[in-house]
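Peer 1: My request is simple: use the sequences and hints to build the entire structure.
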Amino acid sequence: MARNQGFDPMHDLLEGVVQQVLKLILIEFVKKKKYFTIEKFNEGITKFDYGSEEKRDKPSANFDILKLSSSGNKIKQTAAQTWLLLRIFPFIVDEFIPHNTPLMNLVNLLQRICYTSFSNAATNSMIEQLEKDVRELHEKFLNHFPNNNPINKLHHLTHYASNIRITTIPNGFNCMRFEALNKLPKGQMRNALNFQNVPYSLAKRSNLKQMTAIVDRKFAQRVDIISDSTVLKHEMQHKELLTDYPDNVCCVNHVVVDGVHFRRNVVVKYVREETNCNEFARVHSIMYINDTFIFVAERLIKVCFDHQFHSHRVQPSTEYFLLNEDSVFKRKAYNIWTIPSTDDFFLASQYYDEFK
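Residues in the sequence shown are numbered consecutively from 672, following the working numbering.
Quick caveat, the hints were computed from the structure, so don't treat them as lab data. The model shown is predicted, which means the values in this text are computed figures rather than measured ones. Glycine is no exception: its CB is placed at the ideal position from the N, C-alpha and C atoms. Don't take every hint at face value.
Okay, the calculated beta carbon distance ranges per label pair [said to hold, decoys possible]:
{"id": "1", "residue 1": "ASN949", "residue 2": "PRO1011", "range": "26 to 34 Å"}
{"id": "2", "residue 1": "LYS854", "residue 2": "SER998", "range": "34 to 42 Å"}
{"id": "3", "residue 1": "HIS925", "residue 2": "GLU945", "range": "26 to 34 Å"}
{"id": "4", "residue 1": "HIS925", "residue 2": "LYS854", "range": "23 to 31 Å"}
{"id": "5", "residue 1": "ILE837", "residue 2": "ILE896", "range": "37 to 45 Å"}
{"id": "6", "residue 1": "ARG861", "residue 2": "LEU993", "range": "47 to 55 Å"}
{"id": "7", "residue 1": "SER988", "residue 2": "GLU1025", "range": "16 to 24 Å"}
{"id": "8", "residue 1": "ASN819", "residue 2": "ILE768", "range": "18 to 26 Å"}
{"id": "9", "residue 1": "LYS854", "residue 2": "ILE896", "range": "23 to 31 Å"}
{"id": "10", "residue 1": "GLU1025", "residue 2": "ARG935", "range": "23 to 31 Å"}
{"id": "11", "residue 1": "ILE972", "residue 2": "HIS815", "range": "34 to 42 Å"}
{"id": "12", "residue 1": "LYS854", "residue 2": "ASP895", "range": "18 to 26 Å"}
Peer 2: So, in structure tokens, the structure goes:
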């Protein structure tokens, strides 16, 4: 008899619990409390400034009263869209709902649960917090929606903390990458005109594609410069920072390091040498000199971690400096999100990225 100690957070959370909870909250906000119309919610999805790193997973603005009234727990979004919708949900509804609306606690709990579940590493405190959050999510769900039964995937979450201690992090069982890679053969299968021995043909093509990727892959940090140009140093902004560099500078407009995109206006996390603390900086330009990437960046001032938006709240400083790539955490680049009620910037946490 096999003992299954692995749960897939993509199906449990993004295609399960998150969709059910968001649908029930929207029913409460739109149909019962009438805080806003479903058209306003769709407009918020459409107009939200996701930034260059997040816009590829932009949720579909396809909500309507008929879908909210229908049976079932789905909201017609992909897993990636659901994850992004969960993260932007407080930003979209903030101007319409009363402050400290109790139902938003469910959103905050789900954000924290997803944060740990989709991380590649977890500290003991994160595991303990996950256990508490899942228990609280279950209790609050029953309190807020006494006439709705939670789907079985919510019960799966109660095993996550113990499974991390026994095996590994839930992200190790995450199917999102598999689903993305499986998209190509699924499309080929739908469009194929010759249906003779389709599994063999698809498996062979998939294996050949995998072998090509392995042969071409450098088993070290992978760097792909998408766009660059040579610029005279004296023509660059903040040229006073570049006195020790050559007259001709290779300016990189867009570079991908191990799948993470770096370009102008994204925010990076780095270690500040003077304090040995983690800070944030907004990239102004990127230079490639002597096989090293150097960022001209604006230091951002940390205000606090805003639990309401599950985001770091920061402010611009207009202080520019040079940042060496060795000081930068390369797990994630952030986009700046905003809300109308404040001039502060928000950097939304997605998963644990406190390692380079």
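Peer 1: Flag every earlier hint the structure violates by its number, smallest first.
Peer 2: none
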